[in-house]
Amino acid sequence: MGIYRTLSCHSYDIESKPERPMIHVSITGPATGREMKFTAAADTGFSGYLLVPMETYQEYSEFELPVRDFLTYRTIVGPIVLRRARVTAAILGERFETFIETPLVGVAKFLLGRRILNAFRLALLGPEKRSCLLEEQR
Amino acid sequence: MDVIIRGMRTRIYREFKAQANKMGLRLSDALQKAIERWLLENSQSSLVMNDPNQLAFAKLASQIESKYHGKYVAMCGGKLYVAGTLEDLGGQLKEAGIARAVVSHVGADESGEGGEWLWGSIER
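Protein chains in written order, with my numbering: chain E, 1 to 138; chain D, 1 to 124.
These are calculated hints, taken from the structure and not from any lab test.
The beta-carbon is built from N, C-alpha and C at its ideal position, and this holds for glycine as well.
Treat the hints loosely; a few may be bogus.
[Claimed, not checked] Cβ pair distances, simulated, as ranges:
{"id": "1", "chain 1": "D", "residue 1": "Gln19", "chain 2": "E", "residue 2": "Arg34", "range": "45 to 51 Å"}
{"id": "2", "chain 1": "E", "residue 1": "Gly93", "chain 2": "D", "residue 2": "Arg6", "range": "55 to 61 Å"}
{"id": "3", "chain 1": "E", "residue 1": "Arg74", "chain 2": "D", "residue 2": "Ala61", "range": "45 to 51 Å"}
{"id": "4", "chain 1": "E", "residue 1": "Ala90", "chain 2": "D", "residue 2": "Ile12", "range": "52 to 58 Å"}
{"id": "5", "chain 1": "D", "residue 1": "Arg6", "chain 2": "E", "residue 2": "Val107", "range": "27 to 33 Å"}
{"id": "6", "chain 1": "E", "residue 1": "Tyr4", "chain 2": "D", "residue 2": "Ser111", "range": "56 to 62 Å"}
{"id": "7", "chain 1": "D", "residue 1": "Lys79", "chain 2": "E", "residue 2": "Arg74", "range": "33 to 39 Å"}
{"id": "8", "chain 1": "E", "residue 1": "Arg74", "chain 2": "D", "residue 2": "Leu25", "range": "54 to 60 Å"}
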């Protein structure tokens, strides 16, 4: 392990008890170029991409994947299929191609899953109630 | 995986086997296709299948897979758009004034089991 420098920190959602780590994210619709900014909870229990509520999904699923490429997730209430659409996302100014997902039925909120989290160096500073993106110091 | 099915009705099984044979399919492939279709018709995914673009894509899926492997394809209004990159495909759609389509990176997009969605997102 080397030395890491914090690039940017985001405050936890202190309304949640216990407080939850949040990350600022923006998504851009690939067809229209429309952009939306929001904060998503960093959820290491979700193995997927970026979960969004149905209304957001409907607005930004300009390039939806075929049904056969929707992924099925194991949950405590049984398997759940998530719709999936291509978007460009940005975290801390870094833009990347990824997917937004939402359940076929039921509710969802903004969650960042491990398929995205694993691409970033993220530190959870619990006592400070801040989640920070890091850069390795060379 | 190997599966043993007991109690099949002889006539249905024979008809199924004959039809698979006629179509040049192995019995396991024909059975898999039948199961996939049944699941699609009876699962939550059928809600999305009301979308005409999804329906049109599903109809041409096997043709698209064999013809455009590795390409980006989009289905919209019954028309198929093909490009080498997502940017090129986006350009084609923009030119055609399309803001919503079913888009696939043929043979590259993962499908099936996505993993788990556990306790992390559940709150009191």
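Consistency of the hints with the structure:
Separation of Gln19 (chain D) from Arg34 (chain E) is about 48 Å and conforms to the stated range, judged on CB atoms against 45 to 51 Å. Judged by the Cβ atoms, the range 55 to 61 Å given for Gly93 (chain E) and Arg6 (chain D) holds: they are separated by roughly 60 Å. Checked against the hint of 45 to 51 Å, the pair Arg74 (chain E) and Ala61 (chain D) fails, with Cβ atoms roughly 25 Å apart. Judged by the Cβ atoms, the range 52 to 58 Å given for Ala90 (chain E) and Ile12 (chain D) holds: they are separated by roughly 54 Å.
At roughly 41 Å, the beta-carbon separation of Arg6 (chain D) and Val107 (chain E) lies outside the given 27 to 33 Å, and the hint is violated. Take Tyr4 (chain E) and Ser111 (chain D): their Cβ atoms lie about 36 Å apart, and the range 56 to 62 Å is violated. In this structure, Lys79 (chain D) and Arg74 (chain E) meet the distance hint of 33 to 39 Å, their C-beta atoms being roughly 37 Å apart. For the hinted restraint 54 to 60 Å between Arg74 (chain E) and Leu25 (chain D), the CB-CB distance of approximately 31 Å leaves it violated.
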